[in-house]
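What follows is the residue order along each chain.
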Amino acid sequence: MTNVRLDKPWRDLTAENVARLAGELGVYHLGDAESHVVRIGYAGGRSLFGLRGELQAALAAGEGVRFRTEVTAQYLSRYEELLMVHVADHHGLPIGNAAEARRRIGRLSPG
Amino acid sequence: MDFEMTHEQTLIVEQVRRFVRDEVVPLEADLDPDASRLEPEDHARLVAMTREMGLYGLGIPPEFGGPDVDIVTQTLIAIETSQHRAGLYSPCFGAFGGAGLAQLYEANDDQKQRYLFPTLRGEKRGFFGLTEPSGGSDPARAIRTKAVRDGDDWVINGSKIFISGADVADFGIVFARTDASKGRGGVTCFIVDADMPGFHVRRVVHTLRSGHYGTELQFEDVRVPHANVLGEVNQGFTIANDRLTRQRIPYAAGCLGAAIRAQAMSIEYAKQRETFGAALSSRQAIQWMVVDNEIDIRTARWATLAAASKAQRGEPFRAEAAMAKLLASEGASRVVDRAIQIHGGYGVTKDFPFERWYREMRIRRIGEGPSEVQRIVMARELFDQALY
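Residue numbers (our numbering), protein chains in the order written: chain A, 3 to 113; chain B, 32 to 419.
These are calculated hints, taken from the structure and not from any lab test.
There could be a bad hint or two in this list.
Stated by the list, open to error - Simulated restraints, written as ranges between beta carbons of each label pair:
#	chain 1	residue 1	chain 2	residue 2	range
1	A	H92	B	V322	36 to 46 Å
2	B	R82	A	A21	48 to 58 Å
3	B	R393	A	G25	23 to 33 Å
Unchecked claim - The calculated lysine to any residue pairs, modelled on SDA-like cross-linking and capped at a C-alpha distance of 25 Å, are:
#	chain 1	residue 1	chain 2	residue 2
4	B	K155	A	A75
5	B	K155	B	R48
6	B	K381	A	E72
7	B	K155	B	D226
8	B	K381	A	K10
9	A	K10	B	R233
10	B	K155	B	D169
11	B	K302	B	R48
Owing to the predicted nature of the structure, the values given are computational and were not obtained by experimental measurement.
Positions of the beta carbon are idealized from the N, C-alpha and C atoms, including for glycine.
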C-alpha cells in the first residue's frame with residue numbers, strides 16, 4: 003500500500019540534481035526554502051523526459067527551491083490523492099495549484 | 032433474431048459517430064493519455080451539443096426529463112460513445128450525462144425531492160457503496176457493515192472499498208446489514224449524507240487506471256434518519272441486484288466500442304505497414320488475428336443487443352445480460368491484445384490507445400461481477416435454482 007503522503011527527503015532544485023532524475027512517470031512536490039509545498043505536479047504520458055523534463059521546466063521558471071519525487075505509473079490518481087491530502091492537512095491547495103479550485107477536489111480523512 | 036437498425040437508429044448512430052470523431056477525439060490530442068476528464072469549458076460545450084442533439088441524459092426515464100430513447104438504441108449509442116481513448120470508462124467524457132443513481136427512481140417523494148432531483152439538475156453527486164473488503168462477488172453475504180436501529184435513526188458502522196466518486200459526493204447509497212440471521216434478506220439500502228459525522232474517506236485505492244480511482248470508506252457511528260431508508264428494510268439487495276443486472280448491458284457495449292475501434296485501427300495499420308517487402312495485411316498470421324477479432328466482436332455484439340432487446344420487451348434478461356457482459360469483456364480483451372500484437376512496439380506506447388485499453392479491459396473482466404459470477408448467474412438459470 004502506498005504511503006498516503008509524499009514524505010521523501012527534499013532535494014535542492016538545482017540543474018545537477020534534476021539531471022540525475024530518470025525520465026520516468028510520477029508525481030512531485032515543489033517546495034520553498036521552508037519546505038512548504040508550493041506546487042504539486044505530475045509527469046504524465048505527454049511529459050517530455052518525464053520527471054526530469056517537468057522539473058527542468060520548474061527550474062527554468064524559478065518555481066520553488068526544493069523538490070521531491072515519487073515514481074509511479076498511476077500518476078494521475080496519485081496526483082489527485084496528493085491534492086486531497088494537502089487540502090486535508092492545510093485546508094487549501096498549494097498556491098501553484100490554485101487553478102484546480104475550479105473543480106471539486108476530493109475529501110480525504112487520511113488519519 | 033434480426034438486429035438490423037431502424038432508419039431512426041441509423042441516423043442517431045451516425046450522428047453520435049460524427050460527434051465522437053469530430054468533437055471528442057480531437058480534444059484527446061491535448062490531454063494526458065490517461066485523462067478521464069475535460070477542462071470544464073470543453074465539457075460544458077460538449078454537453079450543450081448533446082442537449083441540442085436531444086440525447087443528453089440517456090438512461091434517465093422520460094418522466095424525469097430524460098430523452099425518450101429505448102434500451103436497444105441506448106446500447107447502440109453506448110457502442111459508439113466508447114470509441115475513443117478514454118471511452119471505455121469515460122465515454123465522451125460524460126457529455127451525454129448519466130442516469131445518476133438509478134436506485135433513486137424507486138425513492139419516495141421526499142427522497143426524490145432531497146436527492147434525485149438535485150442530482151438530475153447537477154447540483155448533487157452521489158456514490159454507490161456496495162463492495163466491502165470482505166468481498167465483492169457475493170455482496171449479499173459479504174456485507175458486514177452493520178446498521179442498528181436507534182429510535183428514529185439507524186447507526187452505521189463498517190467499511191467499503193473500491194467506491195468511485197465517494198470523495199467528491201454529497202451523498203451515497205450505502206448497503207448495510209440489518210439482520211445478521213438472514214443472507215440477502217438481511218441487507219438494507221440507506222441514503223447517507225457525506226457530511227455526516229463519522230463518514231470518512233480513508234484512502235485512495237490506486238488501480239491499473241491512472242485517471243480514475245476507487246476509495247476506501249469508513250463508517251464510525253454514522254447516524255442516518257429512518258427517513259433515509261431507500262425501499263424497504265431488509266430488501267436492499269433487491270435494489271442492488273437490479274442495478275447490477277441492468278448495468279451489465281451498457282458495460283458490455285462499452286467493451287464492444289473499444290474493440291471495434293481497435294479492430295478498425297488494426298486493419299488500417301496492417302494495410303499500410305510493410306514487413307519483408309509486403310503489407311502486413313498480406314500475412315496470414317495477421318489476417319487470422321483480424322478474423323478472430325471480428326468473430327469476438329460480432330459474437331459479443333449479438334449477445335449484447337439480444338440482452339438489450341429482451342430488456343426492452345420487459346422480459347427477464349438476467350442470464351442474457353450476464354452472457355453479454357462475459358462475452359464482451361473477454362472478447363474485447365482478446366481484440367485489444369491482438370491489436371497490440373499487430374502494431375508491434377507502437378502498440379505498447381502511449382502514442383496509441385491500446386495500452387490504456389489493455390489495462391482497462393483487464394478490469395472489465397472483474398468489474399460489475401467477474402466472469403466467474405456471470406457463469407454462475409447463467410448456470411442458476413439453466414438449472415432453474417439457486418446453486419449456492
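- Falls inside 36 to 46 Å, the C-beta gap from H92(A) to V322(B)? violated (57 Å)
- Given pair status - R48(B), K302(B), alpha carbons within 25 Å: Distance of about 23 Å is within 25 Å: holds.
- Are K381(B) and K10(A) close enough, with their CA atoms no more than 25 Å apart? This hinted pair is violated, its Cα atoms lying about 28 Å apart.
- Message: Hint check: K10(A) vs R233(B), CA-CA at most 25 Å. Holds or violated?
- Response: Holds, at roughly 21 Å.
- Task: With 23 to 33 Å as the target window, see if R393(B) and G25(A) comply at their CB atoms.
- Result: holds (26 Å)
- Message: Tell me if the straight-line CA distance from K155(B) to A75(A) falls inside 25 Å.
- Response: Violated, at about 32 Å.
- Task: Compare the distance between the alpha carbons of K155(B) and D169(B) with 25 Å, and conclude whether the hinted pair is satisfied.
- Result: Since the Cα atoms of K155(B) and D169(B) sit roughly 30 Å apart, the hinted pair is violated (cutoff 25 Å).
- Query: When you check the alpha-carbon spacing of K155(B) and R48(B), does it fall within 25 Å?
  - Reply: Violated, because 30 Å separates the two Cα atoms, which is more than 25 Å.
- Message: Against the 25 Å threshold, does the CA-CA distance of K381(B) and E72(A) hold or violate the hint?
- Response: Measuring from Cα to Cα gives roughly 20 Å; hence the hint holds.
- Taking 25 Å as the top limit, are the C-alpha atoms of K155(B) and D226(B) close enough? Satisfied, since the Cα-Cα distance of roughly 13 Å is no more than 25 Å.
- Falls inside 48 to 58 Å, the C-beta gap from R82(B) to A21(A)? At 51 Å between Cβs, range holds.
Taken one by one, the earlier hints fail for this structure at numbers 1, 4, 5, 8 and 10, listed in ascending order.
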